[in-house]
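Please build the complete structure, drawing on both the sequences and the hints.
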Amino acid sequence: MEPLLKAENVTVIYNEGKSNEFTALNNISLEVFPQEYIIFFGPSGSGKSTMLYTLLGLQSPSKGAVYIKGQDSSKLSEIEKTKTTSRFFGIVFQNFNLIYSLNVFENIMLPQVFVDVSLKERREKATTLMERFGIASRARDLPNNLSGGQQQRVAISRSLINDPQILLADEPVGNLDSESAKVVMHTISEINRKDKKTIILVTHDASYLPYADRIFYFKDAKLERMEKNDHPVILADETLDLVAGGGKAPQLSPHDELERLAHIHKSLSVPELKAWLLTQYLVEEMTTEQVERLEKNMETLLGGTLTLGDFYAVLHLPFTQGGVGLYRATANKYCLKMKEILDTVADFKIASKGNHKKRLELVHLLRRFVLSEYHSDLTHSQISRLEKAIIARVNLEVTSHEFMELLRRPIIEGGAHLRESTARHLAEKLDIILAEIQKYEDS
1 MEPLLKAENV TVIYNEGKSN EFTALNNISL EVFPQEYIIF FGPSGSGKST MLYTLLGLQS
61 PSKGAVYIKG QDSSKLSEIE KTKTTSRFFG IVFQNFNLIY SLNVFENIML PQVFVDVSLK
121 ERREKATTLM ERFGIASRAR DLPNNLSGGQ QQRVAISRSL INDPQILLAD EPVGNLDSES
181 AKVVMHTISE INRKDKKTII LVTHDASYLP YADRIFYFKD AKLERMEKND HPVILADETL
241 DLVAGGGKAP QLSPHDELER LAHIHKSLSV PELKAWLLTQ YLVEEMTTEQ VERLEKNMET
301 LLGGTLTLGD FYAVLHLPFT QGGVGLYRAT ANKYCLKMKE ILDTVADFKI ASKGNHKKRL
361 ELVHLLRRFV LSEYHSDLTH SQISRLEKAI IARVNLEVTS HEFMELLRRP IIEGGAHLRE
421 STARHLAEKL DIILAEIQKY EDS
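If you're matching positions, the sequence shown starts at 1 in full-length UniProt numbering and goes up one per residue.
Since the hints were made in silico from the structure, they are not lab data.
Think of the CB as a built atom: it goes at the ideal place given N, C-alpha and C, for glycine as much as any other residue.
Heads up, some of the hints might be wrong.
Claimed, not checked - Within a straight-line C-alpha distance of at most 35 angstroms, the following computed DSBU-like cross-link-like pairs (lysine-lysine) qualify:
#, residue 1, residue 2
1, K222, K182
2, K228, K194
3, K337, K83
4, K63, K75
5, K333, K6
6, K194, K83
7, K75, K296
8, K219, K125
9, K194, K81
10, K182, K83
To be verified - What follows is a list of derived Cβ distance ranges for each label pair:
#, residue 1, residue 2, range
11, I79, I412, 51 to 61 angstroms
12, S147, H231, 26 to 36 angstroms
13, L317, E340, 20 to 30 angstroms
14, K194, L308, 45 to 55 angstroms
Okay, here's the thing in structure tokens:
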């Protein structure tokens with residue numbers, strides 16, 4: 001099968017030959033085939049978005065070539081390039097990129113202006129797309145009057161109106177709340193599955209990796225590796241109903257959730273996964289090299305062959321001498337957090353073997369742990385709901401996502417009425433404990 005897109009030894013260099021020269025892509029080759037769901041994955045600044053825009057033609061390679069259905073894109077005239085791009089690609093951005101002086105209907109129709117389509121046909125196509133994606137009732141509204149999720153559905157409709165072969169999505173849910181993000185990701189999956197469109201998704205969120213046919217891992221301007229997913233997860237309609245509250249999610253034990261993480265990060269062992277999970281919780285602004293070194297030492301600490309004192313020494317030791325190179329105060333803060341986590345796990349071992357009273361102490365212990373960095377006052381009702389949610393999570397009656405939803409839901413609906421960002425952070429903290437406890441339960 002011939003590829004739709006092909007990059008051959010592509011290098012992109014900004015300010016070449018100057019003192020501030022910067023290599024954004026370094027000798028990358030890849031192919032994209034019809035109807036694939038592709039993900040470009042990597043941290044911020046790894047080159048994944050630059051690769052996307054180079055394939056699209058918005059960025060010219062300094063070296064190498066990009067082929068669209070076998071044709072070297074650099075050989076196309078500007079008029080030919082514009083026609084090819086508008087017909088071949090649809091693109092969805094993180095920031096929506098809608099024109100805020102035009103209404104929804106006009107935004108969706110806009111790309112048709114550049115392909116000489118009659119006004120009647122434009123209107124028909126736009127109406128069909130609005131009805132499909134549930135925004136027909138907002139046709140005459142300006143984008144500022146829409147929610148983020150609705151704006152992104154307008155952007156998706158606009159990207160499809162020229163019936164492109166490839167949909168490019170650059171961090172399309174980065175500015176959305178969790179529920180809107182699920183709707184948008186379901187829509188993208190449906191476009192791939194039902195419309196047979198090729199998808200190239202750029203993301204730094206590992207939770208979306210199971211949906212791809214192939215994943216290209218970017219790091220430091222290089223393509224590190226490509227992994228094929230032999231059994232991609234189908235984000236079916238039932239899943240969308242489920243996350244909207246229409247059903248009960250399957251119960252996952254800590255072991256099952258580590259297995260899910262292992263599916264996402266196939267190259268990592270379970271000890272490495274635990275270290276990765278804790279590192280993501282701890283790190284703020286670090287270089288990639290510092291994060292990697294922190295992960296390795298975290299794994300050693302969790303394995304019991306490194307003391308907290310030694311861990312602190314490694315964190316504070318200069319990077320050139322084999323350490324992580326953190327300031328003394330930052331290293332101390334990380335060690336205190338790790339001590340809190342390890343002490344909580346140790347207390348869990350004691351309480352989990354005790355009677356009903358000890359189990360209640362465990363719930364209070366976990367509540368204190370997840371709230372240790374939360375400085376706002378909670379009402380008695382909120383604390384009660386939080387403890388009920390913790391009991392359900394510890395007993396594996398709810399998943400991590402359901403636990404977060406219980407924290408976020410209003411009091412009148414049985415929740416703790418916390419902000420979504422707070423609920424997510426607390427859920428992540430509890431997951432850290434549950435993942436580490438699994439080592440104790442398996443031993």
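Going down the list of hints, with the structure as the test:
1. The suggested pairing of K222 with K182 holds, with an alpha-carbon distance near 30 angstroms, which does not exceed 35 angstroms.
2. Between the alpha carbons of K228 and K194 the distance comes to roughly 21 angstroms, so the proposed pair stays at or under 35 angstroms and holds.
3. In summary, the hint linking K337 to K83 is not supported, as the alpha carbons are separated by about 56 angstroms, beyond the 35 angstroms threshold.
4. Restraint check for K63 and K75: satisfied, since their Cα atoms lie roughly 14 angstroms apart, inside the 35 angstroms limit.
5. For the proposed pair K333 and K6, the alpha carbon gap of about 47 angstroms is over 35 angstroms, so the pair is violated.
6. Restraint check for K194 and K83: satisfied, since their Cα atoms lie roughly 26 angstroms apart, inside the 35 angstroms limit.
7. For the suggested pair K75 and K296, the alpha carbons sit about 47 angstroms apart, so the restraint of at most 35 angstroms is broken.
8. Straight-line distance between C-alpha atoms of K219 and K125 comes to about 40 angstroms, which puts the hinted pair past the 35 angstroms bound.
9. Simply put, K194 and K81 have alpha-carbon atoms about 28 angstroms apart, close enough for the 35 angstroms limit, and the pair holds.
10. Between K182 and K83, the direct Cα distance comes to roughly 33 angstroms. Compliance with the 35 angstroms bound is thereby established for this hinted pair.
11. Checked against the given bound of 51 to 61 angstroms, the beta carbons of I79 and I412, roughly 60 angstroms apart, stay inside it.
12. Remark: the range hint 26 to 36 angstroms for S147 to H231 is upheld by a beta-carbon distance near 34 angstroms.
13. A C-beta distance of roughly 23 angstroms is found between L317 and E340, which places it inside the suggested range of 20 to 30 angstroms.
14. Range check, K194 to L308: about 53 angstroms between beta-carbon atoms, so the 45 to 55 angstroms window is met.
In the structure shown, a violation is registered for the earlier hints numbered 3, 5, 7, 8, in ascending order.
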